[in-house]
Each structure stands twice: as structure tokens, then as C-alpha cells.
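Kindly produce the complete structure, drawing on both the sequences and the hints.
Residue numbers (this note's numbering): 1 to 129.
Among the hints, a few may not be true.
To be verified - Distance condition first, Cα-Cα at most 30 Å in a straight line; then the derived DSSO-like pairs of lysine-lysine: (1) K105 / K73; (2) K64 / K21; (3) K19 / K105; (4) K106 / K49; (5) K64 / K105; (6) K49 / K105; (7) K21 / K73; (8) K64 / K106; (9) K49 / K19; (10) K106 / K19; (11) K19 / K64; (12) K73 / K19; (13) K49 / K64; (14) K106 / K21; (15) K105 / K21; (16) K73 / K106; (17) K21 / K49.
Hints listed in this document are in silico derivations from the structure and should not be mistaken for laboratory results.
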Amino acid sequence: MKFTTSLKKNHEFKRLYNKGKSAASQCAVVYCRRNGKAENRLGITVSAKLGGAVQRNRIRRRLKEIYRTNEEKFSTGYDIVIVARMRSRYAGFFELQSSILSLIKKLNLTAGGVPAAQNRRGRETEAAK
RNA sequence: UGAGUAAGCCAGGCGGCCGCGCGGUGCGGACGCGAGUGAAGCGGAAUACCGCUUUAUCCGCGUCCGCACCGUGAGGAAAGUCCGGGCUCCGCAGGGCAGGGUGCCGGAUAACGUCCGGCGUCGGCAACGAUAGGGAAAGCGCAACAGAAACAUACCGCCGAUGGCGGCUUUGAGCCGCACAGGCAAGGGUGAAAUGGCGGGUCAAGAGCCCACCGGCGUCCUGGAGACAGGGCGGCCGUGCAAGCCCCACCCGGAGCAAGGUCGAAGGAUUCCCCGCGCGAGCGGGAGCGGUUGCCCGCCGCUGUCCGAAAGGUGAACCGCAGGCGGACGGGAGCGUCCCGUCCCGGAGGGCGCCGGUAACGGCGUUCCCAGAUAGAUGGCCGCCCAUCUCCCACGGGAGUGGACAGAACCCGGCUUACGGCUUGCUCACAUA
RNA sequence: GGCGACAUAGCCAAGUGGUAAGGCACGGCUCUGCAAAAGCCCUAUGCCCCGGUUCAAAUCCGGGUGUCGCCU
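See the structure below:
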């Protein structure tokens with residue numbers, strides 16, 4: 001992922017749970033908070049309630065893929081945590097994707113409008129270098 | 001065809017686009033180091049030349065970042081952590097006790113509770129499977145309830161031959177009764193289990209008391225490497241439990257990669273020494289500490305007392321004392337501990353072929369490097385084929401769904417558990433020829 | 001990843017081979033005008049599940065499931 005590092009420490013997750021904004025659907029809960037940096041930081045949580053290692057790995061990889069393919073739609077400078085819920089175990093990829101995108105829209109995380117387009121163009125030139 | 005049984009194999013395949021971890025190669029950029037060249041400045045000098053600094057360029061090496069290409073990338077159970085090892089650290093003269101484990105015989109192995117071959121027993125019509133399967137005449141213990149009795153017992157019962165008592169006939173004695181002494185364990189009843197089973201003989205009634213068959217025990221002979229098998233003889237003095245204690249034989253040091261090492265950074269506690277402080281007449285020792293990783297003996301190391309010239313002995317007579325005792329702070333040295341981060345910790349290896357062995361397995365040759373992440377890399381979408389299930393039209397296609405169990409974390413050998421499919425051999429039943 | 005412990009009624013729990021104690025709760029009865037308190041009575045075809053040993057298993061042995069804890 002080009003402009004994103006992963007969130008690792010437990011206290012960072014806890015800070016988001018307490019102080020961040022959240023939105024939820026049956027598939028997942030998304031927490032977000034401004035981090036004051038030029039990049040996004042992403043954390044994904046899949047608890048043991050959702051199944052064995054194989055099921056949890058599949059959910060985590062799908063969430064990661066959804067973020068990767070839709071990265072340009074996100075605005076930058078945020079810490080984001082996605083917590084998977086029970087329905088994501090049985091949902092297909094596209095159902096999960098539309099669910100996450102609607103949650104993003106609910107949190108106003110989408111980089112919509114003109115400045116976002118400029119931002120995006122800037123990213124692309126940066127990437128071209 | 002159906003049912004069963006054993007062994008082996010696979011873990012959907014191919015292609016396209018985007019994406020991830022690791023390794024390699026190449027290119028580019030940044031930084032650092034080294035060497036060369038040019039320019040400028042300063043100093044020495046004589047203009048040449050030498051030294052230093054700055055800067056530019058080029059080459060080499062290293063680190064980091066980016067891009068491209070190539071290679072590679074989860075399992076048969078990766079799981080449970082039930083056994084066994086490697087590896088790492090700690091410990092280790094030896095012995096005993098305790099504790100744990102294994103338990104038919106022979107072999108395989110690094111080792112095993114695993115595997116292979118065989119024996120006995122049990123289950124199955126069979127193929128085949130299961131089997132903690134040493135010892136109960138070494139000892140202790142338990143066997144509830146029921147039952148008379150659960151090591152030596154007789155409730156109901158059978159008998160009463162022998163002895164006793166009574167009666168009758170009659171007088172050689174015999175017969176009948178009683179059930180007092182006594183004999184018996186067949187039958188009933190209880191129980192999971194009742195003193196080998198069944199049949200016959202004998203007998204007062206019975207009983208291995210005797211006999212035939214079976215079972216079991218002891219002993220002898222034969223076969224076998226052995227477990228054991230077969231046979232002869234003797235003769236039945238009870239049973240179960242050792243996955244109860246135990247006995248016998250053999251094995252076992254403890255912990256675990258969150259072990260351990262290394263480098264860098266940071267702080268704290270501890271040991272010894274030194275300095276300084278307090279105490280004011282008893283104080284301290286007579287062995288102390290540490291190790292022997294459950295305990296003991298014993299042993300070892302350091303410190304220390306006494307005897308002895310020493311080797312060595314000693315653990316008590318008694319010995320020492322302001323150069324003592326005590327605790328707190330500061331300084332120095334040493335050794336550990338904790339925390340943060342970096343790096344390291346890689347063959348009982350796989351494939352193929354030949355040979356030895358019934359087999360497990362072993363030997364030789366050849367060939368291949370075959371995951372190394374560190375919140376954890378394998379994913380997403382599309383097309384075709386194959387396979388599963390559902391629905392629809394009708395004998396073939398269409399649509400949808402999508403694989404069963406399941407994800408490495410130091411590594412191996414097993415076991416167990418979860419689970420989809422394919423192939424082959426064998427057994428039984430039915431049908432046909 | 002490694003190491004260890006536990007599971008018995010709705011809850012807390014005792015029970016180490018022979019009838020599964022006890023307390024709380026629930027229910028019923030007595031008492032009361034009604035309740036509370038008190039007293040009496042009742043509740044495990046079975047001890048997390050599956051096998052094995054045994055005449056007999058909550059207990060002994062093996063395997064599994066679940067829960068909890070410790071080690072960075």
C-alpha cells in the first residue's frame with residue numbers, strides 16, 4: 001500500500017476505540033481519527049469469535065484488499081481501524097466492499113470534490129517519481 | 001451388483017489482470033568511507049614542488065530507498081501438545097531412598113508408549129481387526145447389597161451306615177422309630193462370583209472317592225532363537241481385582257527458542273573494597289555459605305578454627321575481640337537482573353536407481369536446495385475444464401452455488417483427533433454364464 | 001509459541017472404587033387475616049463427552065471438548 005503504514009501497538013488501538021469516531025454495519029465497525037501526519041495508518045482486527053485461523057485470515061486479507069483497491073477514495077492523515085463482525089464471515093467480497101465503502105461515506109472519510117482530485121493528482125506525480 | 005476389509009495416492013487444474021513476503025541480478029537516487037584527477041584559497045619554498053582546507057568530477061566498496069526482470073512461497077494433518085529425540089542453558093565423583101514410565105517374544109531405530117515379524121487370547125461366516133498380554137503358592141488390602149457362608153461356612157435340606165435312646169418280633173440276632181452324637185454338600189435359595197463341568201459307578205447319603213470326555217495345575221520329553229506348541233505321567237487345597245498397594249525386569253537429571261548468545265542504548269538493585277558515622281560492655285564464633293534442581297549419606301568449591309615439619313587429620317576441647325560489631329549514605333571496581341531494539345541460533349533432508357532383509361529398515365551411487373514471516377507474507381477479480389449440491393425444461397442441456405478438515409513460527413520421528421475424493425487387492429452374499 | 005490447572009443440580013460446592021453429603025435458590029405443606037421469618041418435605045437414570053479395566057467407575061486408565069491461569 002503506497003501511502004499507508006500499519007497500526008501495531010495495542011495502545012494505539014485503544015486510543016481509537018476511546019477517542020475516535022465510529023460507524024458500524026453488520027459486517028464491520030470502522031474507527032477513525034486524525035493523526036496529524038501525511039499518511040494514513042490502518043489497523044485490522046479479526047477476533048477469535050469469527051472462526052479459526054483460516055476464516056480469520058481470509059477476512060483480514062479481503063479487508064486489506066478492499067483498502068488497497070480503494071485507497072484513492074480515502075482522505076489522508078487518518079488513523080483507521082476496521083473491526084470485523086460476524087456477518088463478514090459469510091459475506092462475499094463485493095458485499096463486504098460495498099459495506100465498507102458506505103461506512104467510509106458515513107464518516108466523511110471520502111476524498112470527494114475538487115481538492116481531493118488535486119490531492120490525488122499530487123499523489124500520482126509523487127508516485128511517478 | 002451390494003456389503004465389508006486392507007493398502008496406496010491426490011488435496012481441484014490451466015490461463016489473464018492487479019497485489020504481498022523472501023532471495024538473486026541489473027538500473028537509478030541519497031548518504032558514508034577509500035583512492036585518483038581538475039580548480040580555488042592558505043602556508044612553506046625558487047616558478048617546479050610539498051602540506052592542509054573547500055569544491056567539482058570519476059572509480060570501487062558498504063548501507064538505505066525506488067523501479068524492472070528472474071526464482072520461490074503453507075499441511076496431511078501445519079491442529080491437539082500425548083510420547084520420543086536433536087539443539088540451547090543450568091547441574092553433574094558415587095551410592096541409597098522417594099517419584100515417574102514401560103511390561104508376551106524377537107527385531108528396527110538417534111529414541112520412543114512408535115514401527116515390523118511372530119505367539120497366546122478375544123471378536124467376526126470370512127477377508128481381517130483388537131489386545132497395558134509379567135507375577136494372586138512373597139505379603140497387605142478390597143469384594144457394597146443380598147446370602148448360612150466371600151479363605152473353612154451350613155439356613156432350608158439329605159443321611160443317620162457307626163455310636164446312643166425307645167419300641168416290636170424274638171432271643172443267633174434282626175426290624176422299626178427318634179434325630180442326641182455325628183456324616184454330607186447333591187438339590188433349593190442369594191449373588192457378578194459358591195470350592196472344576198457333564199455323565200456313570202460306588203455309597204446310609206454324598207463327595208475326583210473311582211472311571212470316560214472336557215477344563216485347569218504340576219512335572220517330564222520333543223520341536224523352536226524365544227514367546228509358545230504337541231505329547232506322556234500324576235492328580236484337582238476355591239475365586240476375582242495388580243489401569244488397588246505391591247513384587248520382578250528395564251528405562252528416566254532439570255527446564256525449555258518467551259531457551260540461549262551477540263551488539264547498541266538506558267537506568268535500577270546487589271557483592272567486595274575504601275572513606276566517613278553510630279554503639280560502650282559484653283559481643284561474636286565453636287563451623288558458615290554455595291553446589292549436588294525432591295530427600296538423605298557422602299562428596300566438591302570458597303572462607304575459617306585447632307593439631308602437625310609436611311602429607312594430612314579435626315569438627316571438640318574451646319577460641320577471638322575495638323585492628324570488634326552494627327546499620328545508613330557517598331565514591332570506586334566487579335558480576336548479575338530487568339526493559340527497548342538489531343543480528344544469530346539451518347539435514348537422523350527429499351526424489352530416482354541398485355543391493356541386503358519376509359518386513360520395519362539399512363547400505364551404495366546419483367541428483368535437488370525445497371517457506372523463513374515477526375501483529376505475522378499465498379489474496380481479489382475474470383474465462384475455460386473437471387468434480388459436488390440445488391432448481392428448471394425433458395433422456396441432453398441451461399442457471400445458480402462452490403469445494404471436506406483446515407494456516408508454518410527452532411527443527412525432526414511417531415501417536416491421536418478432524419475430514420473430501422480416487423485407485424487397487426482380498427472376503428462374503430446375490431444374480432448370470 | 002510454550003507450560004499448567006479445572007469441569008459434580010439454576011448457583012456455591014463435599015465426595016479417591018460399592019445408595020452422589022451440605023448450603024442457597026425454585027416448588028409444595030404447616031404457621032398467618034395476608035406476607036416475611038421459622039419448621040417440614042421435594043429435586044441428579046446420573047457427575048463435560050467417547051472408549052477401556054472391573055462383578056461394579058463421579059472416582060482408575062486412554063482419547064477428545066470447553067473454561068481459566070502463568071511465561072515476553
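Verification of the hints:
1. K105 / K73: holds, 10 Å
2. K64 / K21: Roughly 20 Å separates the two Cα atoms, so the pair holds.
3. K19 / K105: At roughly 19 Å apart (the allowed maximum being 30 Å), K105 and K19 satisfy the hint.
4. K106 / K49: holds, 26 Å
5. K64 / K105: holds, 18 Å
6. K49 / K105: holds, 27 Å
7. K21 / K73: It holds: about 18 Å lies between the C-alpha atoms, which stays within 30 Å.
8. K64 / K106: Cα-Cα ~20 Å, so holds.
9. K49 / K19: At roughly 25 Å apart (the allowed maximum being 30 Å), K19 and K49 satisfy the hint.
10. K106 / K19: holds, 17 Å
11. K19 / K64: Holds, at about 23 Å.
12. K73 / K19: holds, 24 Å
13. K49 / K64: This hinted pair holds, its Cα atoms lying about 19 Å apart.
14. K106 / K21: holds, 10 Å
15. K105 / K21: holds, 13 Å
16. K73 / K106: holds, 13 Å
17. K21 / K49: holds, 24 Å
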